[in-house]
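The primary structure of each chain is shown beneath.
Number of protein chains: 2
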Amino acid sequence: MKTIVSTFEMQKFSEQARLRKKNIGLVPTMGYLHKGHLSLIAKAQRSCDVVITSIFVNPAQFSPNEDFARYPRNIEQDTQLCTSAGSTVLFVPPENEMYPEGYSTYVNVERLSSILEGKFRPTHFRGVTTVVAKLFSLTKPHKAFFGQKDAQQCVVIKKMVKDLNLGVEVVTAPIVREKDGLAMSSRNVYLSAEERSQALILYASLRRAHEMVDNGERNVAVVAGEVKQMIETKSSATIDYVAVVDAESLADIPSFERGIPALVALAVRFGSTRLIDNTIIKAR
Amino acid sequence: MKTIVSTFEMQKFSEQARLRKKNIGLVPTMGYLHKGHLSLIAKAQRSCDVVITSIFVNPAQFSPNEDFARYPRNIEQDTQLCTSAGSTVLFVPPENEMYPEGYSTYVNVERLSSILEGKFRPTHFRGVTTVVAKLFSLTKPHKAFFGQKDAQQCVVIKKMVKDLNLGVEVVTAPIVREKDGLAMSSRNVYLSAEERSQALILYASLRRAHEMVDNGERNVAVVAGEVKQMIETKSSATIDYVAVVDAESLADIPSFERGIPALVALAVRFGSTRLIDNTIIKAR
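Chains A and B, in that order, are what the protein sequence lines are.
So my numbering is basically just the index in the first sequence, starting at one, shifted up by 2.
So my numbering is basically just the index in the second sequence, starting at one, shifted up by 2.
Watch out, some of these pointers could steer you wrong.
Copies of the same chain are indistinguishable here, so a pair counts whether it falls within one copy or spans any two.
With a cut-off of at most 35 angstroms between alpha-carbon atoms, the simulated DSBU-like pairs for lysine-lysine come out as follows [said to hold, decoys possible]:
(1) Lys230 x Lys121
(2) Lys164 x Lys24
(3) Lys121 x Lys23
(4) Lys284 x Lys23
(5) Lys230 x Lys14
(6) Lys4 x Lys121
(7) Lys24 x Lys4
(8) Lys164 x Lys4
(9) Lys181 x Lys23
(10) Lys230 x Lys24
(11) Lys4 x Lys284
(12) Lys121 x Lys14
It is worth saying that the hints were derived from the structure and are not from the lab.
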């Protein structure tokens, strides 16, 4: 596997690969890779000639009171994991090349960026769409791979690609979970043993939501209410939101409708660690 | 010359041209072409294998109280002019493909978009950078050509290209003027005979600024003051601004410095028609 640091080299490499008619896949990450990331790399490898994994802890998507400085990093381990997973190129741009002094251009997907996560993290998606637009320019991918764990991010990026005619196919891959059900996240290392154990309620509550809909419950408020109640039994849990929305448009829906995918998404803080999780439910 | 209407066809054409290693030049316009536009097409033709001229009156860069609806259009004449000037492709996308229902993604260059023109047209440059980003995605140019008459636009677009790593060379070309000195503009057709005659004061005042600096005046306030005074002698003129700024950064400067290009930029309304003009002065 080749490691590229310079943005100039990255762009030159991608232009050459395009001219040689290679199919380019991009897996954008913030590093500290887990099995969720590796599933994206493996998926990319199955349909692309060149798989570029980028690692960049993007300051623009953290607000000043968030965990940018302490976000976990381990570039040696990440390099090994990328190689084994089948990445062709590891792109690790330095912050001062991505955001040089005086940087001032931002891409924003209005409305979709200000609901759900956006209510609690107002500049988050603006940072995400900006860095993804930059990474697309630098790596010129035919396909880009994102994890369904960041469900709203997937919707926001698809919207940006469509609106700005970026011509990149956005591929999403299912959430990968620990054996006990906790969704894989680089942030799980922040959890104490007690918090880690209590956080299992997230997946349990999402499974309960499936069960309720399978048993005929169609009322969104009833299902969301039960999910909330389950989470609230845990002493270290503070709910930011539990929402049920249309999985494609993220619009509010009053009820689960047969055949229409609904997204049940939640954000819950356990102590000082904020976790998100979600599931898609299609009523039968 | 080939005319392309569909955004899908445009992108396919450009991808093919890239694979055939053609050098692509883009001349983005709002149509109603004049000699200024034609000089850009001719310039593009000298260094590119494929010259794409786009015509799109971009609603996103007009505010609701501006002249979007009455902006002059003449596609038959434009087609003839493009052909004679050496354009290879005329791209005329329909509005509902550029901004389909629910469109919500915008590219914004902060700070540079909110000064000078931006003070009077707060959403103007956001509209410009958004449509130019879209046109770049659709036409995949190596070079893009812009007229120096929109001096701030040139600076804003160069900044977007650098920040978002768009990898497009932004080429600017000098202002083209009528024989009597009025800067070419599609909006000149709005002027009454009287206003047209009074508007000649713009170029006269810019020449006077050159003369003052040539004669040793270094104080920006003095030069700007004289330019304003000259314009104010015209009964139909209302000044939006007369500014002297660093030509590259658009930062305010107190004085003309030897060898450093200063931009003298102005916006003046004659009746209901708003004209802009500018010149670059390098003190000796």
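Comparing the hints with the structure gives:
1. Lys230 x Lys121: within (18 angstroms within a copy, 47 angstroms between copies)
2. Lys164 x Lys24: both (23 angstroms within a copy, 26 angstroms between copies)
3. Lys121 x Lys23: Neither way: Lys121 and Lys23 sit 42 angstroms apart in one copy and 46 angstroms across, limit 35 angstroms.
4. Lys284 x Lys23: Intra 39 angstroms, inter 47 angstroms, cutoff 35 angstroms: neither.
5. Lys230 x Lys14: Neither. Shortest intra-copy (50 angstroms) and inter-copy (49 angstroms) distances fail the 35 angstroms Cα cut-off.
6. Lys4 x Lys121: neither (39 angstroms within a copy, 48 angstroms between copies)
7. Lys24 x Lys4: Result: close both inside a copy and across copies, 16 angstroms intra and 29 angstroms inter.
8. Lys164 x Lys4: both (31 angstroms within a copy, 25 angstroms between copies)
9. Lys181 x Lys23: neither (41 angstroms within a copy, 51 angstroms between copies)
10. Lys230 x Lys24: This pair counts as neither: shortest intra-copy Cα distance 48 angstroms, inter-copy 58 angstroms.
11. Lys4 x Lys284: For Lys4 and Lys284, the Cα distance exceeds 35 angstroms both inside one copy (42 angstroms) and across copies (47 angstroms).
12. Lys121 x Lys14: neither (39 angstroms within a copy, 38 angstroms between copies)
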